[in-house]
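K.L.:
Spelled out from the first residue to the last, the chains are:
2 protein chains.
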Amino acid sequence: MTFTGKQLTTQLDADGTLTLQLNDKTWDAPKGTQVLVKVEASPINPSDLGLLFASADTANAQYSPGKIVAQMPANATRAMKARHGMAMPAGNECAGTVVAAGDDPAAQALIGKRYACVPGSAYASYAYADANMGFAVDDSVSAEQAASSFVNPMTALGFTETMKLEGFTGIVHAAAASNLGQMLVKICLEDGIPLVNIVRSEDQVQLLKGLGATHVLDMTAPDFMPRLIDAIAETKAMIGFDPIGGGTLSGQILTAMEAAASRGAAFSRYGSSEAKKVYIYGALDIGPTILNRAFGLTWDLAGWLLTPFMAKAGMEVMGRMRARVMKDLTTTFASHYAKKGNLDDMLTKDAVSMYNARRTGEKYLVVPN
Amino acid sequence: MTFTGKQLTTQLDADGTLTLQLNDKTWDAPKGTQVLVKVEASPINPSDLGLLFASADTANAQYSPGKIVAQMPANATRAMKARHGMAMPAGNECAGTVVAAGDDPAAQALIGKRYACVPGSAYASYAYADANMGFAVDDSVSAEQAASSFVNPMTALGFTETMKLEGFTGIVHAAAASNLGQMLVKICLEDGIPLVNIVRSEDQVQLLKGLGATHVLDMTAPDFMPRLIDAIAETKAMIGFDPIGGGTLSGQILTAMEAAASRGAAFSRYGSSEAKKVYIYGALDIGPTILNRAFGLTWDLAGWLLTPFMAKAGMEVMGRMRARVMKDLTTTFASHYAKKGNLDDMLTKDAVSMYNARRTGEKYLVVPN
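Keeping their order, the protein sequence lines are chains A and B.
With the working numbering, letter number 258 in the first sequence gets 258, and the count goes up by one each step, no holes.
With the working numbering, letter number 77 in the second sequence gets 77, and the count goes up by one each step, no holes.
To be clear, the hints were calculated from the coordinates, so they are not data collected in a lab.
Any given hint could turn out to be false.
Since the list gives no way to pick out one identical chain from another, each pair is judged satisfied if it fits inside one copy or across any two copies.
The calculated BS3-like cross-link candidates involving lysine-lysine, where the alpha carbons are at most 27 angstroms apart (straight line), are [as the list claims (entries may be wrong)]: (1) LYS349 <-> LYS312; (2) LYS67 <-> LYS25; (3) LYS6 <-> LYS164; (4) LYS186 <-> LYS339; (5) LYS81 <-> LYS236; (6) LYS236 <-> LYS312.
From just these sequences and the hints, can you work out the full model?
P.N.:
Quick look at the structure:
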């Protein structure tokens, strides 16, 4: 038995031409622990945008039905040499119905079920997934509710696990009004973890306060820095997570941590000896990171990525995280979408200019079938 | 019995006035494990300059015999609030003769000996030191030879120990023609550790090649980046140490590590998963650190400082490091000075404009007596 439909691919050529297009595709019967999922809902996360478009000029691209041709800047083209000429599928996660399964009993048991999974090729009519890497949801859970079961929930839980693994006791989170940020607010409330939320507007302050957040700071306010220092001094939040990356914010968080750690302490020319760390886990701003280094010599700035974190955390932690997501999928881990569309819709100029702007709260959900 | 002489202090007031001056001082008899050292030679290291002058405007300061009054920028004045109004002694390390000792047998045993130590107040006629924190040198070793027995040697050895502790197998070192850098070249040769040296001129390339260094790259050369990538690919040097701090170099090292790690690997939108780390251990450039983040999401940039490193490394590693410095003080760990002067000399405009420029190879040695 085979299945036919369409699959989106993104291809970057050596001359900088980026082509996204829908291709007809036939899926053969899955094997072993593989299942074939009829994709019902798949979010476009920032991590997907990096593969789909990277820094290509989507404003001046050519849009035709089922196809986009855009130009990538020369330095980005060079940096992604390893993908030149390859038509790559995309779409990290989705929910859908299992329409076929390999011989393995774990796979067979999923036939007919709605399955939340991480195929990496979810922008398609069908996608292969592994029977051991996702989870079936109750019939009462919609595909839309199950679509974002991995990237954001596991990342938000990964932050609290990272905090514990590294001996910290409170978290600073930037761009905190995002879907992920809202999950983190709820997780930290449930677990009693002090959380300092940094957002970009008074509306976002009200949004997170409405969820029960205690510390929510508008980074556009004139008293942002003194308030950040106060909040960190009060919460002892000495680990931060920043998805913006570009600009000065990561450095400002370290500066505020240093100021909070130095309060009342004797002068040291090298700064406070208290550990302070900020992880950059995204690139909402692809510009350079600028550090004024007004934070002594005891500091750490690093990249954070879900996959290596999970490898480091190990199976037991992973299993605990996944069980919690399954249990609270429609509450703590609920996601919201500003717009939905099928595979053709997602390739229109209107859709791309909306979701590729990566604005907080403006997430796109792809519903292929 | 008391001893009289002069001591240099540096004081920053709340209005930004920075005053360095020589004060008459009387030293009482030392107690317990304390010894009193008649200071013979003390280097001015970059780490001393941070306390002495920080970012004060020494070009437009008022110089009078035994006194300098300079203005500190407002932001730096605010950042150093904890030292306002305090007349702080300075001078991390020195060598001198023990002229008095506390009751403790370890202290008594040092009387009359030449002692290499870390008093933190060495820019003075005399300084108290702890009998357990330094080491006596042979009569054949001069004070000048023993003056820099701690900061640079322990830092250079600390880099190789950090490399081992964190599971790396090769080092990239920036500003590598410094006294410290020359020590690191010799240590790495002795220990068979691959080392990539980054310097700023062809003269410095020749200097380090003369010491036997294999990889020495001039960062001002047009082909610096491709050569850095090649050298890192060859040596697998995935940990770097950068005393410059400001500008783009730390980010360039991470970029070169990423390019070397990705060679021949399949494309990953998140970059290579190989650990890559750069430590900033100084501020030769006090401008902002600028990271273009062209190095995926598996990277780490952190501050490195000797004292917390030693606390983390533990007594056994520390003891091993110190024994090695004692043994090879006049060979591997030899330092060179461009100029010498007494306490009055070091406060002249000529001297300050020389040593506060922090140019590679232009180190000043203070000889108070």
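K.L.:
Is it within, between, both, or neither for LYS236 and LYS312, if the alpha carbons may be no more than 27 angstroms apart?
P.N.:
Result: close both inside a copy and across copies, 25 angstroms intra and 22 angstroms inter.
K.L.:
Between LYS186 and LYS339, at a C-alpha cutoff of 27 angstroms, which is it: within one copy, between copies, both, or neither?
P.N.:
within (24 angstroms within a copy, 62 angstroms between copies)
K.L.:
When Cα atoms must be at most 27 angstroms apart, do LYS81 and LYS236 count as within-copy, between-copy, both, or neither?
P.N.:
So LYS81 and LYS236 pass the 27 angstroms test across copies only (21 angstroms; inside, 43 angstroms).
K.L.:
When Cα atoms must be at most 27 angstroms apart, do LYS6 and LYS164 count as within-copy, between-copy, both, or neither?
P.N.:
Neither, since 43 angstroms and 51 angstroms both go past 27 angstroms.
K.L.:
Indicate which option fits the pair LYS67, LYS25 if close means a Cα-Cα distance not exceeding 27 angstroms: within, between, both or neither.
P.N.:
within (16 angstroms within a copy, 82 angstroms between copies)
K.L.:
From the Cα coordinates, with 27 angstroms as the cut-off, is the pair LYS349 and LYS312 best called within, between, both, or neither?
P.N.:
Neither: 40 angstroms inside a chain and 55 angstroms across chains, both beyond 27 angstroms.
The structure shown violates the earlier hints numbered 1, 3.
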